[in-house]
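Sequences listed follow chains A and B, in order. Under the numbering used here, the first residue of the first sequence is numbered 23, with each subsequent residue one higher. Under the numbering used here, the first residue of the second sequence is numbered 23, with each subsequent residue one higher.
Keep in mind that the hints were calculated from the coordinates and are not lab data. Honestly, I wouldn't trust all of these hints.
Because identical chains cannot be distinguished in the list, a pair is counted as satisfied if it fits within a single copy or across any two copies.
Straight-line C-alpha distance at most 20 Å; calculated SDA-like pairs for lysine to any residue [unchecked claim]:
id: 1; residue 1: 112; residue 2: 28
id: 2; residue 1: 112; residue 2: 25
id: 3; residue 1: 112; residue 2: 26
id: 4; residue 1: 112; residue 2: 27
id: 5; residue 1: 112; residue 2: 51
id: 6; residue 1: 112; residue 2: 33
Protein chains: 2
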Amino acid sequence: MTQEPVALAAAFASFAELWSPRIVTVVNDYDVRIAKVEGEHVWHVHDHTDEFFLVVEGELHIALREAGGERTVVLPAGSVFTVPRGTEHKPSAPVRTAILLLEPTGTSTVGDRHDEVPDHVDATTGHALT
Amino acid sequence: MTQEPVALAAAFASFAELWSPRIVTVVNDYDVRIAKVEGEHVWHVHDHTDEFFLVVEGELHIALREAGGERTVVLPAGSVFTVPRGTEHKPSAPVRTAILLLEPTGTSTVGDRHDEVPDHVDATTGHALT
Chain A
23 MTQEPVALAA AFASFAELWS PRIVTVVNDY DVRIAKVEGE HVWHVHDHTD EFFLVVEGEL
83 HIALREAGGE RTVVLPAGSV FTVPRGTEHK PSAPVRTAIL LLEPTGTSTV GDRHDEVPDH
143 VDATTGHALT
Chain B
23 MTQEPVALAA AFASFAELWS PRIVTVVNDY DVRIAKVEGE HVWHVHDHTD EFFLVVEGEL
83 HIALREAGGE RTVVLPAGSV FTVPRGTEHK PSAPVRTAIL LLEPTGTSTV GDRHDEVPDH
143 VDATTGHALT
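Start from the sequences, fold in the hints, and give me the full structure.
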């Protein structure tokens, strides 16, 4: 199979759903996924994997429940953050935001344990780009 | 250790060396690295791992030696590409370019097999951000 570069702008333009990641490329047994987000995701935890976020556009907030208490990190466009495995977290975005994620193939968007998943959050291991 | 977000613009501003990746964050046993590049890298191959490229600014070319012959993929800013493991490749950039890379921790910039490494190419497994 011949691979071609993927323009992220075109990839983002190819879908409208929020909190519903698309897989743009696979690196060994990891997915690079992109998602459009706005509003609140759900508290969840990945017990066995870190999760990487890069903000392409907008602003992502990630609430974290750490040993020292709860805090929220703010990621403006062009910033990156890794949520450590085992850390409960809840992403949210005050405005329409475009993010790129990296995590092992098969990782669920709502983790291994989570609060009740609201209708606007897609519980998925990622969708193919179409 | 409390993690904080990293602004890529500040991270890029913190070093000047070309073809000399800095590790901005670690995701499980993978590094997210950034590099400033211009001119030609060296033909090399990673026998055991794919390598992911995201172009933050500028334009990256990646020459590939595939079963069907040699070709060059062109990645404008905002595009991504994964070089499959075992594929000889040579990145180059016609202008000053900023890239983000993803590969397993310990992966050498010149792969497992490579042409003679020119002086302007840093053979490294990545440097810490300072």
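For each hint, the structure was consulted:
no. : hint       : verdict
1   : 112 <-> 28 : between (28 Å within a copy, 19 Å between copies)
2   : 112 <-> 25 : between (34 Å within a copy, 16 Å between copies)
3   : 112 <-> 26 : between (34 Å within a copy, 16 Å between copies)
4   : 112 <-> 27 : between (31 Å within a copy, 15 Å between copies)
5   : 112 <-> 51 : neither (25 Å within a copy, 23 Å between copies)
6   : 112 <-> 33 : neither (25 Å within a copy, 26 Å between copies)
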